[in-house]
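Could you build the full structure based on these sequences and the hints that come with them?
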Amino acid sequence: MSSIAYFAEITPEPLLRRIVLWSGVTFALMGCLIILSLPVAVWLRLAGCGLWAVMTGRELRQLRRAWRVCRRLRFDADGDVELLEADGQWHAARLEAGSLLLQKAGWMRLQSRHGGRHGELLRGDVRSSPDWRRLQVIWRHVGA
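Going letter by letter, the sequence shown gives residues 1 to 144 in the working numbering.
For the record, the hints were derived by calculation from the structure and aren't laboratory data.
Built from N, CA and C at the ideal position, the CB exists for glycine as well.
There may be inaccurate statements among the hints.
Pair by pair, the computed Cβ-Cβ distance ranges are [said to hold, decoys possible]: (1) 94 <-> 45: 35 to 41 Å; (2) 16 <-> 92: 22 to 28 Å; (3) 80 <-> 59: 23 to 29 Å; (4) 125 <-> 53: 37 to 43 Å; (5) 33 <-> 9: 38 to 44 Å; (6) 37 <-> 76: 47 to 53 Å; (7) 71 <-> 47: 27 to 33 Å; (8) 37 <-> 125: 41 to 47 Å; (9) 29 <-> 121: 18 to 24 Å; (10) 31 <-> 92: 31 to 37 Å.
This is the structure we're talking about:
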């Protein structure tokens, strides 16, 4: 197979997206509880908790917005990444530092063409998914 046509298309799983979203909500609440237990003035604890809630809420909204747009991910042999967006068109994206691919799972940090950053938790099996197997090969080849 020519390296020009060698790519992997992965469809993110809604269940994994829900797991990421609800774990984010859980950790946001835990962060608020930790801030509220700090030995500082009450107004500082409330302000800190409010600021934490705004920041984490913004991150979670950004994730949901990106997930509504992104339908599939395509990883090309040369390391380029494209997202199939809701408009049915493939658009270039950038793979960011902190992305990780293991044998059966991966965490991809992406920046879309709009500048928004988000993460995708992916899962696959090299035995049953040719695209997951190709993604493993591309990942090792590019050295991401």
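Against the structure, the hints:
no.: 1; hint: 94 <-> 45: 35 to 41 Å; verdict: holds (38 Å)
no.: 2; hint: 16 <-> 92: 22 to 28 Å; verdict: holds (23 Å)
no.: 3; hint: 80 <-> 59: 23 to 29 Å; verdict: holds (26 Å)
no.: 4; hint: 125 <-> 53: 37 to 43 Å; verdict: holds (38 Å)
no.: 5; hint: 33 <-> 9: 38 to 44 Å; verdict: holds (41 Å)
no.: 6; hint: 37 <-> 76: 47 to 53 Å; verdict: holds (48 Å)
no.: 7; hint: 71 <-> 47: 27 to 33 Å; verdict: violated (40 Å)
no.: 8; hint: 37 <-> 125: 41 to 47 Å; verdict: holds (42 Å)
no.: 9; hint: 29 <-> 121: 18 to 24 Å; verdict: holds (20 Å)
no.: 10; hint: 31 <-> 92: 31 to 37 Å; verdict: holds (34 Å)
In summary, the structure is inconsistent with hint 7 from the numbered list given earlier, while agreeing with all the others.
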